[in-house]
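Can you make the complete structure from the sequences, with help from the hints?
As they're listed, the protein sequences go chains A and B. Okay, so the first sequence: first residue is 337 according to our numbering, each after it adds one. Okay, so the second sequence: first residue is 3 according to our numbering, each after it adds one.
Because the hints were derived from the structure by calculation, they are not lab data. Some hints could be false.
Under 10 Å between C-beta atoms, here's a sample of chain B residues computed to sit facing chain A [what the hints assert, rightly or not]:
| no. | residue |
| --- | --- |
| 1 | S62 |
| 2 | P82 |
| 3 | V92 |
| 4 | T96 |
Selected chain A positions facing chain B (Cβ under 7 Å, derived; list incomplete) [as the list claims (entries may be wrong)]:
| no. | residue |
| --- | --- |
| 5 | T526 |
| 6 | M537 |
| 7 | D634 |
Ideal placement from N, C-alpha and C gives every residue a C-beta, glycine not left out.
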Amino acid sequence: MDIELPESIRAHLPVLVVLLPLFGGLLAMFTGLVQRGGGVIAWAWSVLTTALMLICAAAMLQQVHASPEPLVYRLGSWPEAYGIGYSVDALNAYVILVVSIIAFLTTVYAKDSVMAEIANDRHHLFYSVWLLAIAGLIGITVTGDTFNIYVLLEISSLTVYTLVALGGDRDRRALVASLKYLILGSIGATFILLGIGYLLMLTGTLNMTDMHDQLVRMREAGDLVNNRTVFVSFAFLMVGLSLKMALFPLHLWLPNAYTYAPSAVSALVAATATKVGVYMTFRFVFTIYGGVYDTSADLQLLALCACLGIVVSSLSAIRQMNVKKVLAYSSVGQIAYIVLGFSLANHAGVTASVIHIFNHAIIKGGMFMAVGAVALRTGGTKIEDFKGIGRQMPVTMAAFTVGGCGLIGVPLTSGFISKWYLVQAAMQEGYWGVAGVVLLGGVLAIIYVWRLVEIIWFGTPDDPSKRVKEAPLSMLIPMWILIGASLYFGVDATWTADSAQAAASLLLNGGHG
Amino acid sequence: MESFGYFNYWLAIVIIMIGFYGVIARRNLLKQAISLGLFQTGVFLFYVTMGVYRSPDGTSGVAPIWTDAAKTGPFDNPLPHVLMLTAIVVSVSTLAVAVAIIVSIQRKYGTIEEDEILEADKRDS
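The following block contains the structure:
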């Protein structure tokens with residue numbers, strides 16, 4: 337699929353993917369001026385904005401694949417050392433595309449869900465904040481400037497806190513969950529800011545490539561031996577990033593935030609926010625510190641946290657009485673798989689991580705959409721609401737079941753491909769225990785997925801006379817696009833594997849250009 | 003003298019840690035939010051200190067304004083200072099969102115004490 341865009345647009349793609357949702361979000365607010373139906377206009381506007389963004393992201397990926405050098409975009413034509421430079425290579429073009437696809441599909445999906453869950457006079461504000469959150473997430477991914485990362489991280493975080501808190505209309509626990517997320521998220525972001533501060537002290541620059549070059553120069557001059565500043569900056573960054581990507585044991589904000597957020601928000605945030613956190617970690621660990629600072633001990637610690645996270649969160653998922661919470665705990669486990677992949681620091685491991693960013697995004701996005709559809713029809717997401725729902729909403733629940741198979745890693749689903757690479761990576765390093773943990777995680781996933789599947793298809797509803805309709809098409813289509821993609825990429829993983837391998841080579845070879 | 007030269011950094015770390023302790027130890031949501039603000043303020047001090055120029059022989063830089071002193075002698079690095087303008091805006095927005103959520107919690111729960119909120123949640127479920 338070739339996308340032909342005029343040259344005047346092609347030259348500005350890196351900045352357009354951010355500006356579209358940013359200004360789209362600000363303009364969406366004005367639909368509040370319309371007396372009736374402003375919410376629908378805001379929704380249509382958001383769909384248009386995210387669709388244009390998706391086209392730009394796809395065109396950008398093509399452009400990156402066509403050129404050997406990363407695309408560099410200097411804002412205001414300032415050289416990167418002084419101004420802000422956006423830099424797009426095989427890794428972030430891929431992540432941007434993933435985020436854009438999810439953003440577009442969840443926006444299409446959001447219409448009915450938001451109508452039901454958010455108060456009428458707030459729809460325009462909801463879509464405004466929604467688009468700003470997307471702008472922040474894409475911005476983090478596209479920028480090559482570390483301080484810019486911090487600012488955009490806060491933009492995306494603040495908007496996500498707000499979106500989660502909007503669930504408070506239905507369940508007041510959303511407010512507490514959102515505040516907890518805000519406090520832990522801000523601590524994480526401030527740690528990242530401190531880490532960037534120490535790096536700025538050392539190198540005198542904020543640009544990532546420049547930082548790396550300065551560190552290389554310092555190492556060659558022998559300035560980095562026993563240098564505590566490097567060590568402290570790395571420590572602050574890793575703790576902050578682990579909080580942001582909800583790596584066990586710093587995941588405590590995640591389960592409640594995902595559970596009580598409005599359905600559409602859960603789908604968007606679960607599929608993108610933590611993935612962008614992982615992307616940031618890639619950038620810091622490989623692009624900035626890669627080949628400069630010996631990260632092997634820290635990566636082993638991450639691998640240990642990840643292994644514990646896979647087991648503990650899967651065990652927690654088995655015990656939950658709320659389906660959204662099961663998925664949320666499963667997300668903590670799946671993030672741990674991604675972290676485990678790159679902490680092995682070999683080619684197969686990083687490839688597994690990058691592949692799983694995409695695979696988990698589509699699987700979890702699709703599953704949260706299915707749960708949101710049930711919430712729309714039955715009004716709840718507790719286990720009781722799901723009893724026997726498979727016979728009343730077969731299309732939705734079929735999507736949920738296929739997604740569940742993806743979480744387990746059943747062959748022919750994309751989850752299998754990720755696990756395959758991950759186990760391969762562990763074996764290459766001779767870490768049999770790690771491979772065992774991955775397989776154990778799969779077994780535990782069978783338990784928590786099967787428990788839900790059994791209730792959905794074989795349970796009897798508490799109130800058999802209660803009939804619910806199948807979900808509307810505006811929900812089913814995006815849901816099945818994601819779930820269908822997880823099946824397609826489970827059979828033919830050429831595209832994901834090629835993109836991920838390109839990104840992995842890039843990261844491991846010094847991390848840039 | 004060297005430890006005294008790091009006075010500002012010590013102070014920054016102390017402020018950060020006091021704020022961090024408050025976030026963890028306080029059970030009142032508003033006090034947590036205030037501590038969070040203090041925590042971030044410590045980081046501002048850290049960055050502002052970083053920009054100040056002090057050469058080994060004791061001469062310090064002047065403000066980075068286009069004057070004769072700055073043209074000839076050493077001057078302070080304005081970059082971290084400017085960054086902190088942005089960070090202050092971010093910190094204020096964070097607090098604004100936090101306080102807005104706390105107000106909604108007060109309306110829905112009738113309290114902003116974490117223990118009482120947890121108890122109310124337990125009664126619900």
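We went through each hint and held it up to the structure:
Because the closest C-beta pair between S62(B) and chain A is about 17 Å apart, greater than 10 Å, the hint is violated. The beta carbon of P82(B) is positioned within 10 Å of a beta carbon in chain A (closest approach about 7 Å), and the interface hint is therefore held. For V92(B), the suggested interface contact is upheld, since its CB lies about 5 Å from the closest CB of chain A, less than 10 Å. Interface restraint check for T96(B): the shortest CB-CB distance to chain A comes to about 5 Å, inside 10 Å, so the restraint holds.
Residue-level restraint check for T526(A) holds (minimum Cβ-Cβ distance to chain B is 6 Å; threshold 7 Å). Given hint, M537(A) at the interface with chain B, holds; its Cβ is 5 Å from that chain's nearest Cβ, closer than 7 Å. Contact between D634(A) and chain B, as hinted, is not supported at the beta carbon level, the nearest pair being about 22 Å apart and thus beyond 7 Å.
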